[in-house]
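4 protein chains.
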Amino acid sequence: MSALRVGLVGAGFMAKAHTLAYVNARLLSPDALPPVERVRVADVDAELARRAASAYGWSEGCADWRAVTRADDIDLVDVATPNDSHAEIAIDAARHGKHVLCEKPLANSLAAAREMHRAVELAGVRHFVAFVYRTWPAMALAKRLIDDGALGRLIRLRAMFLHDYGLDRTLPLTWRLRRSSAGAGSVGDIGSHVIDLARLLAGEIRRVMARSATVIAERPENGSGLMRPVDVDDLSDVLVEFAGGATGLIETSWVATGSKMDLAFEALGDRGAVRFTWRRPMELQFYSEDDPAERRGFRAIVIGPRHEGAAPFWPVAGQGLGWGDAFTILLRRVLASTSGQPVAGAATFLDGLRAAEVVDAAIRSATEGRWVDLSPDELPVDPRPVLRRPPDG
Amino acid sequence: MSALRVGLVGAGFMAKAHTLAYVNARLLSPDALPPVERVRVADVDAELARRAASAYGWSEGCADWRAVTRADDIDLVDVATPNDSHAEIAIDAARHGKHVLCEKPLANSLAAAREMHRAVELAGVRHFVAFVYRTWPAMALAKRLIDDGALGRLIRLRAMFLHDYGLDRTLPLTWRLRRSSAGAGSVGDIGSHVIDLARLLAGEIRRVMARSATVIAERPENGSGLMRPVDVDDLSDVLVEFAGGATGLIETSWVATGSKMDLAFEALGDRGAVRFTWRRPMELQFYSEDDPAERRGFRAIVIGPRHEGAAPFWPVAGQGLGWGDAFTILLRRVLASTSGQPVAGAATFLDGLRAAEVVDAAIRSATEGRWVDLSPDELPVDPRPVLRRPPDG
Amino acid sequence: MSALRVGLVGAGFMAKAHTLAYVNARLLSPDALPPVERVRVADVDAELARRAASAYGWSEGCADWRAVTRADDIDLVDVATPNDSHAEIAIDAARHGKHVLCEKPLANSLAAAREMHRAVELAGVRHFVAFVYRTWPAMALAKRLIDDGALGRLIRLRAMFLHDYGLDRTLPLTWRLRRSSAGAGSVGDIGSHVIDLARLLAGEIRRVMARSATVIAERPENGSGLMRPVDVDDLSDVLVEFAGGATGLIETSWVATGSKMDLAFEALGDRGAVRFTWRRPMELQFYSEDDPAERRGFRAIVIGPRHEGAAPFWPVAGQGLGWGDAFTILLRRVLASTSGQPVAGAATFLDGLRAAEVVDAAIRSATEGRWVDLSPDELPVDPRPVLRRPPDG
Amino acid sequence: MSALRVGLVGAGFMAKAHTLAYVNARLLSPDALPPVERVRVADVDAELARRAASAYGWSEGCADWRAVTRADDIDLVDVATPNDSHAEIAIDAARHGKHVLCEKPLANSLAAAREMHRAVELAGVRHFVAFVYRTWPAMALAKRLIDDGALGRLIRLRAMFLHDYGLDRTLPLTWRLRRSSAGAGSVGDIGSHVIDLARLLAGEIRRVMARSATVIAERPENGSGLMRPVDVDDLSDVLVEFAGGATGLIETSWVATGSKMDLAFEALGDRGAVRFTWRRPMELQFYSEDDPAERRGFRAIVIGPRHEGAAPFWPVAGQGLGWGDAFTILLRRVLASTSGQPVAGAATFLDGLRAAEVVDAAIRSATEGRWVDLSPDELPVDPRPVLRRPPDG
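Residue numbers (my numbering), protein chains in the order written: chain P, 1371 to 1763; chain X, 1371 to 1763; chain S, 1371 to 1763; chain A, 1371 to 1763.
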């Protein structure tokens, strides 16, 4: 298998998570995946780029992202910058024939997301959004149970992503907390993850009714330390209707007192149900009406090597994976796909666009206090063959 | 202490729960509470009334509820009939000078609830609604923590009451499933309980945005067995804004696959939080920012005799109370109050009215797809002295 | 059905729990159970007896327990005194032809327990020990799953009963904490409960190896307040071998920091397993190798009216029962049995004797630091027909 | 910082876990840790060694482990072979001046463990045993709480490591299941981990009383497939007394139906308690008598970057680490220490020896059915300075 040459744009926090994932994905599956060449890191802060390259084993660092998107020695461009630069970088990469992996959310506006999707489709490159929870083994098992009919007809989908770090009033107004750069607050940042999970499990969303709040209304400006108003939400509730008829409820918060990474969902069908919480990331709760009435109950399935996504890791069920491993699992898909293997499971720019549509509708709904319908564009048909299961499934 | 003479209207399922509670309340606290004379049971089905009287130790059964509401030998009228007869019976009892305990929800319409509240206030009798969870020890502890400031300023209140018994398609169209008799579906029936808890913990509700669904749209008619459309919701989500500024979210469902009595809430403040679920009814989860940062976490407080409401029961923390005991705790308040003791804690017709206002607004909101403001009437001042703590507190 | 006339010996704490249970058992099942006449309470403290009689609705109180055991107007003698008087009272009652219900443990010595068992068998009366957890619905379900073969061959039984109230150093040297009156410490008091559960689920015990400790070695004497040495254990571990081949492990403690009523067990077979904890008393965890490998896990069966013992209570699964209800369930068995109905499920003096044998062996083992074999006496065959299921099963 | 040159002996399953850990430890902390050169892998199966080298990025593979232990280009020898070859390899490495990291248990006999410890001490090299749970963040927090006095005087230590994979009767008689190669069954294999944790938290063990069983008594021989008797335990209970006075209880099992990696412990003191289970690896339960009586309860502390060991990973509490990360955390200690930094926390050969003493005593106790005292050798004083906290603490 010939090596995959990767260029990374953005040398911030995500550079570490992505680098480890490239390395681990390959080490865990040396026979199934191509070697990865960590060719180049670009960052507007050239010094940061150089330090990241040196620290994380990339061959070089540079200031100009075009040295990544347009370079001949790059096959895959990994975009890990703030949201407002995703579009320009990813589109340029696509136009230069690179496969693209983009951090979530896809963009800081629906218009940008649309353009990005159009660009990668036109270019015919592979494209991925880092919705890392979609390929998490317990999620994949939930998806399989639903696809296999174990839940019957889907009635209800609840999902939430709750943190409390936003309660810290000294937290400065970083790019994530400004609408101009981030595009949205909690509903777009962590919200795009749960919207993606909701779509994965319950299908497309038809309309939404959202309520947003900004509980911590002022924060210190980076640098000056002056208090400035926050113009994005730190808490949102989104009532959802799925095209398939199920009702949904999505909650996001950065100010959920005591919540530490409470990513959770519940999918209820008329024959069964699944529940998940990141507080017990290696378990999926499954309830089936097929059990005898006296013996029915949610069972805690402990994820192990039998389960899709977990196989390349450790031999004993319950040994457990961590947050970093979620990136490794995603990158397994990305590496397999970009090396020509017909695998599926990773979210694409189409998924990123769909999430952006929902976020956009939610923001309008919260502003206007009414239900907002989604009208997805006519979609280009994805021309590539897709297998249901990755090789380790 | 002179005996309290009770008359019961309605000999259905609740007659058992209420009878046990009268008996147990007195047996648990023979020195603090008056003896209870179970004088008379009335039911439109005279034979059922007679059997209930005989089975549950009431002196007699009769068909005419006026033989309870207007009798000289009755001090307290206990209304345990379907919702659509609450108003007529309770108002008649009040007009004849009886104290009244009414099953929830207070009425099958907001108008009826208003009339009932006016009637008891005019009559100057004691009045109670059987919101039995409000006095449950873990709830009382949650309330005390909030009142004591342990949570800081309240940001968020989530509450839910989820069952799955409605998924049984053979469940017939009983009075609870018809709007004419019940007034509302899940949002009014189990919803009135959680609305009451929400108000208890977070104060009055200013406006609501609701979404309702009827997942099981047809059910067999009682008797004929013919399939008839269901005209009440079996699933609702209510976005809430509290007058105090907190955001709220209330969910009710009879079709929550796998949920067995999932009554739960979470109250989040900027200094702490509490969580409760009926799946562990003897625990309250409490999180405090006052703990050292490295040692912070939700702690499971196990309810025991130290905690308000639980004292008259068993000596060891964690021995545990059951659903029937919730009625016993409520009736302790009712018996103490009607025997002239200045206790509080039980919900009154005013609480029943407030819940009815919220249910009414939620139904309008769900129908019209928009936020609905609540405009509470000018309230008569409650003239009776109220102590914060019941005697066992 | 003619009334059952009950006499109670002992007017202490248990008088309340037993009285409520007599009343509730009958109220819950007026058609299935006889009326109960609360005839007489005896206590060495005559004044206490009179107050208990008045408070709890017994016709009279008296000082001489023989006025209960030998009275013509008594059918069932309920022995709720300290352990060291069980034998004399219960034997006298049996000799006078009364059915006997005795609080646990059966006696304060193995010799006394043997005599008691012989006496009731000779007298041909019905006899019960208040092992109230054996008939708790989740335990009954565990037993049924084992009997139905859902666990396969039993490999392992772990059980524990842990409290922390003994950590309070001001707790005085009551009769429970003196070997002369109690017979044993935690291993006999709460231990007899878990030994009974262990036998229920895994069959007879062949040998034991115990280790005991007295963590709080001195306590204030009642009255004088002088510190005196404690001569019973407050913490024990008992390794067990069952006649059927399973290994067992039993833990008891009054000094288990943070434990509030942690009664728990786990029964493991080669085809499945069950787990229970009183922290979630309305759930039984069940694991089955019959589930497909990818969907296997412990499922939380929520107890409801379908389950044995819970039927007479409330209509919705998960509403929940409390500690007091455990006595009600036991007394349903006792009342049905003493009124001539062929029911089973309640523990008898034989079960009390078997537990006493294990406690005796455990104390010897702990003292001598070696395994101790049990050699049960040749048992008289129980002559009465026994049905597997109580009427509500 | 000059690079650390590592040689690995054993190309089996652990080669993957160790390789990833070397890589990740360095990538997570490029500034704090030396670069790691993966120099050479040796395995008796030369082909396996070569494939592992190629797959996992080691410069070469070879058949002779002496090419690792005696090579000039190696600083640290990592011994990841079956237990019966640990001693010979590790001792040879030490004699040739290499630092040594040895997989657990240290050896397949107490005598071998003693020799190994003597060898590394004589050689003055750094030595580590891969007790990877000791440095897991929640364990480190438990240790710190105990050291800080938050639990008061320790009363009790329970620990267990339970799996069910041994219930699979087709599992062949690998080296882990033969006494000659493994030295012991569950009590030595997974048992050595929990013995290490017990010592970490409660100090040295004075005497033990063990009971072992071999539930699956025959297994197919590798190759022939013929059924052969199993000569090691698959289930053990070890009663323990600590030198400090606390009582202990250790359970190990490969046949714990439904248990998937149930590594758990509970340390109880007279002022507080901690509980941990690998089922929720990112939480430590902490109970403190210092909390007000009405608000006391076990609190779930969610591990995050504030906690020792977790800092180099991810920025948000609750993101979570997996089993592989446990090796990374251990190797951080090993790499820092072997590069001359004065860090502590990792288990040494002395810890490995102490665990071997306990395992040896447990086996003798189980065989002879009696308590066995431990008489630790006179210990050489560890000559190296030790800091309480690693740099990321």
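Since the hints were derived computationally from the structure, they do not count as laboratory data. One or more hints might be untrue.
A pair holds if it fits inside one copy or across any two, identical chains being indistinguishable in the list.
What the hints assert, rightly or not - Computed cross-link-like contacts, SDA-like style, restricted to lysine to any residue with a CA-CA straight-line distance of at most 25 Å:
id, residue 1, residue 2
1, 1513, 1720
2, 1513, 1479
3, 1513, 1407
4, 1513, 1740
5, 1513, 1662
6, 1513, 1465
7, 1513, 1433
8, 1513, 1551
9, 1513, 1546
10, 1513, 1587
Now for the hints, and whether the structure bears them out:
1. 1513 to 1720: Only inside one copy: residue 1513 and residue 1720 sit 18 Å apart there, 47 Å across copies, limit 25 Å.
2. 1513 to 1479: Neither way: residue 1513 and residue 1479 sit 28 Å apart in one copy and 43 Å across, limit 25 Å.
3. 1513 to 1407: For residue 1513 and residue 1407, the Cα distance exceeds 25 Å both inside one copy (33 Å) and across copies (42 Å).
4. 1513 to 1740: Neither. Shortest intra-copy (31 Å) and inter-copy (33 Å) distances fail the 25 Å Cα cut-off.
5. 1513 to 1662: Both. Shortest intra-copy (24 Å) and inter-copy (17 Å) distances satisfy the 25 Å Cα cut-off.
6. 1513 to 1465: neither (34 Å within a copy, 55 Å between copies)
7. 1513 to 1433: neither (41 Å within a copy, 46 Å between copies)
8. 1513 to 1551: neither (33 Å within a copy, 41 Å between copies)
9. 1513 to 1546: So residue 1513 and residue 1546 fail the 25 Å test inside a copy (30 Å) and across (36 Å) alike.
10. 1513 to 1587: neither (38 Å within a copy, 27 Å between copies)
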